[in-house]
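Undergrad: Top to bottom, those sequences are chains P and V.
Counting in the numbering used here, the first sequence runs from 12 upward without gaps.
Counting in the numbering used here, the second sequence runs from 12 upward without gaps.
Just to be clear, a hint being listed does not mean it is correct.
Since the list gives no way to pick one copy over another, a pair counts as held whenever it fits inside one copy or between any two copies.
Result set (DMTMM-like, lysine to aspartate or glutamate): computed pairs, CA atoms no more than 25 Å apart in a straight line [said to hold, decoys possible]:
#1 K105 <-> E50
#2 K248 <-> D113
#3 K164 <-> E246
#4 K215 <-> E246
#5 K46 <-> E250
#6 K164 <-> D132
#7 K120 <-> D210
#8 K46 <-> E246
#9 K194 <-> D182
#10 K164 <-> E225
#11 K46 <-> D132
#12 K216 <-> E246
#13 K185 <-> D238
#14 K29 <-> D132
#15 K248 <-> E108
Hints listed in this document are in silico derivations from the structure and should not be mistaken for laboratory results.
There are 2 protein chains.
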Amino acid sequence: MITSASNQQMKHVIQLNKKAKTRYEQRVFVVEGIKMCMEAPRKDIVAMYVSESFLQTAEHVQRIKDYSYEVVADNVFKTISDTQTPQGILALVKMPEYTLEDLLGAEEKQPHLLILESIQDPGNLGTMIRTGEGAGVTGILMNKTTVDVYHPKTIRATMGSLYRVPFYVTDSLKETLEELKGKGIFLYAAHLKGKQSYDRPDYKKPCGFLIGNEGNGLTEETAACADEYIRIPMEGKVESLNAAIAATLLMYEVNRQRR
Amino acid sequence: MITSASNQQMKHVIQLNKKAKTRYEQRVFVVEGIKMCMEAPRKDIVAMYVSESFLQTAEHVQRIKDYSYEVVADNVFKTISDTQTPQGILALVKMPEYTLEDLLGAEEKQPHLLILESIQDPGNLGTMIRTGEGAGVTGILMNKTTVDVYHPKTIRATMGSLYRVPFYVTDSLKETLEELKGKGIFLYAAHLKGKQSYDRPDYKKPCGFLIGNEGNGLTEETAACADEYIRIPMEGKVESLNAAIAATLLMYEVNRQRR
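Use the sequences and the hints to build the structure in full.
TA: Next comes the structure, spelled out in structure tokens:
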């Protein structure tokens with residue numbers, strides 16, 4: 012049993028949770044909780060740690076009986092956990108490797124992309140990944156200045172969708188968008204200048220939606236890459252919707268049309 | 012100028028930010044930032060505080076020239092602010108007083124209610140209020156164990172919609188729901204047992220949507236009050252959507268049908 016917070020493995024977990032740089036150097040990230048640990052692709056799990064009290068529940072022991080794991084003293088587990096009330100189980104998982112091509116979906120499905128520019132809130136990003144899976148997006152494209160997909164709060168908010176939705180981070184959003192347009196993907200941007208309501212276009216064809224930063228929306232350069240501006244009708248004095256909320260309406264409109 | 016954090020007024024602001032009990036005893040809450048301060052109903056503003064450096068921008072001085080306010084030293088302002096990087100302006104605002112009747116909307120509009128049971132995340136609640144205004148809800152009903160609508164994080168997430176969407180907190184959700192049904196409001200619950208997809212019913216008639224707690228969903232008792240269960244289709248392995256995301260889809264489906 013690991014009983015000291017200065018144990019090398021514990022220090023490693025803390026580093027991985029805190030620093031995106033360490034995560035990318037080692038291409039490993041940390042997931043917490045039973046759901047996130049049990050849904051991780053088995054072959055990608057590098058290590059698993061459980062707290063002493065976690066093992067006091069028979070159901071827990073049963074769940075992890077086929078895994079190899081190390082036991083950690085409760086007070087030490089608290090120091091490696093990113094949550095206030097840890098469930099007592101975490102795992103180190105290898106990062107998946109997707110190509111841009113993987114975002115376009117299987118052959119029987121038309122591409123349906125969510126494209127994010129500089130989203131800053133990790134919870135927002137995680138919620139968009141979760142909702143994206145529910146709506147049936149084929150992939151998520153992000154620029155470099157979007158918050159890290161492996162941020163502990165992002166991971167938690169995905170509720171496991173992180174393992175199932177292909178995503179890709181691009182160095183040049185503009186170039187990648189041109190590439191997608193070359194592949195016949197029609198790009199929409201929710202924009203104040205949009206004339207058509209978001210539920211008017213035909214989304215049965217390959218499509219992608221540009222969603223901008225929470226505070227500032229899309230940059231002009233990125234908005235200019237869109238084939239069409241669309242508009243989400245808003246009553247009252249509302250000037251804009253939260254980025255994840257806007258993304259939800261667009262992604263689920265595609266789902267509604269394709270159902 | 013106020014230069015000490017132990018000033019009585021400063022202590023008062025901190026108490027109001029921290030304690031719901033103090034807010035309700037005095038029926039006053041704290042709003043921060045230019046947008047939230049300038050959109051507050053003028054007659055309800057009890058006090059306004061600005062930081063020294065806030066006044067160094069001519070545009071700021073211009074914006075608040077018709078208000079009476081007290082200047083606060085920057086380091087003291089930091090202690091009364093709930094944000095990491097304060098904008099340098101906050102106000103104490105009187106709570107509005109709504110009745111259940113106020114939630115049913117003006118005569119030309121059919122009631123469209125969002126009904127929340129034990130929502131715990133203040134940001135989620137604020138987002139729902141903001142999205143609710145955008146979608147055109149006539150009011151929001153909450154039970155007692157929903158997080159306080161005047162929590163600083165809720166207020167911030169509403170982006171001003173707090174001032175414009177009528178809301179009501181009930182001691183007995185069950186009794187209030189029966190009352191609403193008596194007024195001809197049809198209640199829908201998004202539920203795993205739902206057979207019809209959420210976009211099938213006719214929402215031009217008076218309607219309300221029951222949304223449950225983030226982790227546990229609706230209690231059985233509350234779900235039993237619904238006239239009909241509906242279902243949000245989900246692809247992949249998604250078991251549920253975030254409460255604010257589910258509420259968005261339902262509220263905006265009403266908006267789509269009524270447009």
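Undergrad: For the identical chains here, do K194 and D182 meet the 25 Å Cα criterion within one copy, between copies, both, or neither?
TA: Answer is within; shortest intra-copy Cα gap is 19 Å, inter-copy 57 Å.
Undergrad: Measure nothing new, just compare the shortest in-copy and cross-copy C-alpha distances for K46 and E246 to 25 Å and report within, between, both or neither.
TA: between (39 Å within a copy, 18 Å between copies)
Undergrad: How would you label the pair K105, E50 (within, between, both, or neither) given a Cα cut-off of 25 Å?
TA: Result: close within a single copy only, 13 Å intra versus 48 Å inter.
Undergrad: When no copy is specified for K248 and E108, does a C-alpha distance of 25 Å or less occur within a copy, between copies, both, or neither?
TA: The answer is between: 20 Å across copies meets 25 Å, while 43 Å in one copy does not.
Undergrad: How would you classify K216 and E246 at a CA-CA limit of 25 Å: within, between, both, or neither?
TA: So K216 and E246 pass the 25 Å test across copies only (18 Å; inside, 29 Å).
Undergrad: Treating 25 Å as the Cα threshold, decide for K120 and D210: within, between, both or neither.
TA: Result: close both inside a copy and across copies, 20 Å intra and 22 Å inter.
Undergrad: Give the relationship of K164 and D132 under a CA distance limit of 25 Å: within one copy only, between copies only, both, or neither.
TA: both (9 Å within a copy, 14 Å between copies)
Undergrad: Pop the pair K46 and D132 into one bin, within, between, both or neither, using alpha-carbon distances up to 25 Å.
TA: both (22 Å within a copy, 20 Å between copies)
Undergrad: 25 Å Cα cut-off: does K29 pair with D132 within a copy, between copies, both or neither?
TA: Classified as both; 16 Å inside a copy, 24 Å across copies.
Undergrad: Go through the copies and call it for K164 and E246: within, between, both or neither, with a Cα cutoff of 25 Å.
TA: between (32 Å within a copy, 23 Å between copies)
Undergrad: I want to check one pair: K248 and D113. Are their C-alpha atoms no more than 25 Å apart within a copy, between two copies, both, or neither?
TA: Result: close only across copies, 19 Å inter versus 40 Å intra.
Undergrad: Using 25 Å as the alpha-carbon threshold, which applies to K215 and E246: within, between, both, or neither?
TA: So K215 and E246 pass the 25 Å test across copies only (16 Å; inside, 28 Å).
Every hint, counting from the list given before, is met by this structure.
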